[in-house]
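There are 2 protein chains.
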Amino acid sequence: MGTEFLKIMDFEEVREIINNIKIKKEVEEVFLEDAYRRVLAKDIHAEIDLPPFNRASRDGYAVIVEDTFGASEDNPVTLKLTEMVRAGESPSKKVEKGTCIEVSTGAPVPEGANGVVMVEFTENKNGNIYIYKSAPHGQYIAPRGSDISKGDLLLKSGTLITHDKTGVLGAIGVENVPVFKKPKVAVISTGDEIIKPGEKLQYGNIYDINSLTLSNAVKNSGCVPIYSGVAKDNYDDLKSKIEEHLDADVIITSGGTSAGAGDVLRAVLDDMGEVLVHGIAVKPGKPTMIGIIKEKPVFGLPGYPVAALMVFHIFVSSFLREMASLPDNKKSDMLRLRISRRFYSSRGRHQYAFVKVENGIAYPILKDSGAITAVAEADGYFEIPKNVEIVEEGSEIEVIPLEVF
Amino acid sequence: MGTEFLKIMDFEEVREIINNIKIKKEVEEVFLEDAYRRVLAKDIHAEIDLPPFNRASRDGYAVIVEDTFGASEDNPVTLKLTEMVRAGESPSKKVEKGTCIEVSTGAPVPEGANGVVMVEFTENKNGNIYIYKSAPHGQYIAPRGSDISKGDLLLKSGTLITHDKTGVLGAIGVENVPVFKKPKVAVISTGDEIIKPGEKLQYGNIYDINSLTLSNAVKNSGCVPIYSGVAKDNYDDLKSKIEEHLDADVIITSGGTSAGAGDVLRAVLDDMGEVLVHGIAVKPGKPTMIGIIKEKPVFGLPGYPVAALMVFHIFVSSFLREMASLPDNKKSDMLRLRISRRFYSSRGRHQYAFVKVENGIAYPILKDSGAITAVAEADGYFEIPKNVEIVEEGSEIEVIPLEVF
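For the record, the sequence lines run as chains A and B. Going from the first sequence to my numbering is simple: count from 1 and add 94. Going from the second sequence to my numbering is simple: count from 1 and add 94.
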């Protein structure tokens with residue numbers, strides 16, 4: 095007859111238990127080219143000044159500004175051109191009184207100069223530069239270190255390295271980036287009838303759905319899935335699959351959790367470690383199991399694809415994102431949408447339902463949790479608190495997208 | 095003195111020109127394991143029924159329900175057990191009147207049976223099964239094809255293959271998935287002073303920022319960046335770099351677009367193809383150039399990192415997402431936030447500014463477009479329409495995040 099549920103726990107109680115699972119964060123270094131979408135594990139201080147030299151910000155002439163005072167279109171000042179410095183070059187001369195040096199945008203401003211006159215306000219007559227406008231002190235010079243001084247804190251530990259931040263790291267010459275290691279998550283499906291996609295479908299078999307869905311959901315949570323295949327629904331097979339994958343940081347199984355003849359995960363957890371949760375007052379997802387084996391959390395999700403996916407989103411994804419040091423995206427991505435029809439919920443249980451979103455309206459998907467078509471149509475899901483029995487047509491609900499691109 | 099701007103165009107005019115650039119979409123097949131985050135290029139019809147057989151949805155006994163009518167706790171019905179079928183197995187017998195066959199959840203329901211009694215309401219006494227509760231017709235049987243019938247349209251062309259959809263494809267046995275090819279985007283930086291990260295910084299050099307930033311921004315837009323290095327700021331070098339990368343679908347350059355001595359992209363575009371845009375009434379980004387060479391669009395972004403990144407977001411990312419068949423995320427990801435201080439804008443130009451977001455408040459970053467620290471702090475940006483000169487402190491603005499995880 096199988097084991098009984100440990101005790102049906104409330105949603106909040108389970109969240110609390112998950113929050114108390116110890117997380118170990120490890121750091122590794124990756125090349126800058128590979129740092130995109132990783133999370134910084136240390137504060138990044140600038141290793142150089144930026145700009146690294148006094149930099150011309152316009153094409154023109156580096157001058158001693160006092161030489162240009164009083165210059166106008168009718169009454170130009172004439173300066174002797176002594177050199178030309180393009181971006182990437184080094185000046186060999188200084189700017190001295192009565193002279194100027196031509197500079198391109200991005201070129202170093204030669205010593206002695208304290209301003210740049212734009213080329214548009216000048217004329218070159220045989221090496222004599224006519225200046226038609228006087229330059230204020232410091233004009234068109236970005237002084238060394240004016241953007242960043244060597245040693246400045248530029249990016250904090252915990253920062254997501256989005257595309258823009260990769261450029262910031264490049265700018266200050268970072269080659270190896272300290273990031274948090276991506277946690278490894280073993281994904282195991284259980285069930286005697288389940289075969290891998292690509293295998294021949296015999297009578298009585300169905301294709302594995304959960305390994306694919308959960309592996310990619312693990313990626314979307316900032317972790318690395320380890321596709322661990324299908325375990326038969328018996329003690330020995332599941333136990334050896336779990337033993338094989340204890341080098342992962344987290345193990346996720348699906349199937350084999352219900353309080354029936356097929357309940358083997360419970361027995362494996364009882365023997366190898368500890369059961370923290372078996373049975374949650376949520377719908378779908380009641381037979382969910384959570385345990386610990388050798389300090390590794392094991393999430394035992396229901397076998398039905400809809401339930402497995404929902405429980406992943408409700409309980410597992412925030413945990414994995416926390417492990418991966420990613421922000422929990424639920425709050426920020428939430429959409430406030432109107433519901434297309436009246437929706438009934440079970441009193442006493444937190445309920446979750448998938449919705450299809452079309453033209454800003456949320457259509458609840460009313461299919462049982464075995465229905466893969468429910469997943470095919472889903473764009474997101476919403477929560478119905480346990481004391482709510484009816485959500486009225488047209489009322490506003492908070493939809494959490496399954497994934498954001 | 096370099097070329098003049100072609101003509102300063104309005105924001106809307108440029109958008110229109112970009113919308114009219116011809117896009118060619120190609121299709122390829124990828125393995126299901128590689129289909130995550132790709133975009134379906136064909137409608138997907140189910141190749142099998144789901145479930146593929148009449149499937150038991152509880153552990154129990156497959157019965158002829160008429161045999162159980164009248165059964166109660168005080169007055170059980172007794173049926174002879176003839177076989178046991180676990181998930182993944184095939185029944186060898188039929189259920190006949192007065193008999194039953196034990197089934198596990200997920201097992202095929204044997205012929206003859208028209209309902210399943212849950213194990214909880216039965217007792218097995220030496221092969222005689224006592225049934226304590228009558229079963230309604232069809233109970234706990236998911237009939238073949240009840241979820242999906244072979245041939246049903248399951249996922250439409252254009253669907254993003256999010257993690258949940260990978261499971262749907264697996265469920266119906268899809269092994270090779272038709273998806274849109276990811277467009278290839280060559281990213282070229284220009285500038286004589288620019289060196290690659292990792293090279294030794296000599297006096298007068300600065301590290302390349304834009305190649306990194308833009309390459310990863312290209313990834314975030316669903317395309318494949320081709321890192322094409324740094325071109326010197328002269329006609330021959332830039333031309334040969336562009337020629338080298340005409341096998342890409344799009345070319346993005348940065349630098350070398352301003353109307354000054356360094357303006358070489360304009361000359362290359364004039365010779366090799368056609369200039370569509372040179373000069374836009376936006377801030378930052380005025381010297382932006384757009385052209386076509388052999389039907390390949392070329393986006394010439396400003397050299398300053400802040401301006402290059404902003405112009406990418408304003409004009410290029412939607413175009414790339416359209417090419418990659420991804421949804422334009424700007425609208426859906428937008429956050430309505432209050433601005434921390436009064437913000438002044440230039441009349442007659444669309445203006446864009448980066449903001450840092452903290453505790454739900456948007457802090458505009460008031461730094462010039464050469465400042466990499468502006469990018470280091472940025473979380474998103476907002477638009478100030480061209481007829482607005484002042485955004486008042488505390489008013490609501492629409493912030494578009496730079497990237498969503």
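Everything labelled a hint here was simulated from the structure, so no lab data went into it. Check the hints yourself; a few may be wrong.
If chains are identical, the list can't say which one is meant, so a pair holds when it fits in one copy or spans any two.
Once the Cα atoms are required to be at most 25 Å apart in a straight line, the calculated BS3-like pairs of lysine-lysine come out as [unchecked claim]:
1) K388 / K275
2) K290 / K136
3) K275 / K480
4) K116 / K450
5) K388 / K244
6) K116 / K390
7) K313 / K424
Worksheet item: Which earlier hints can't be squared with this structure?
Response: 3, 4 and 5
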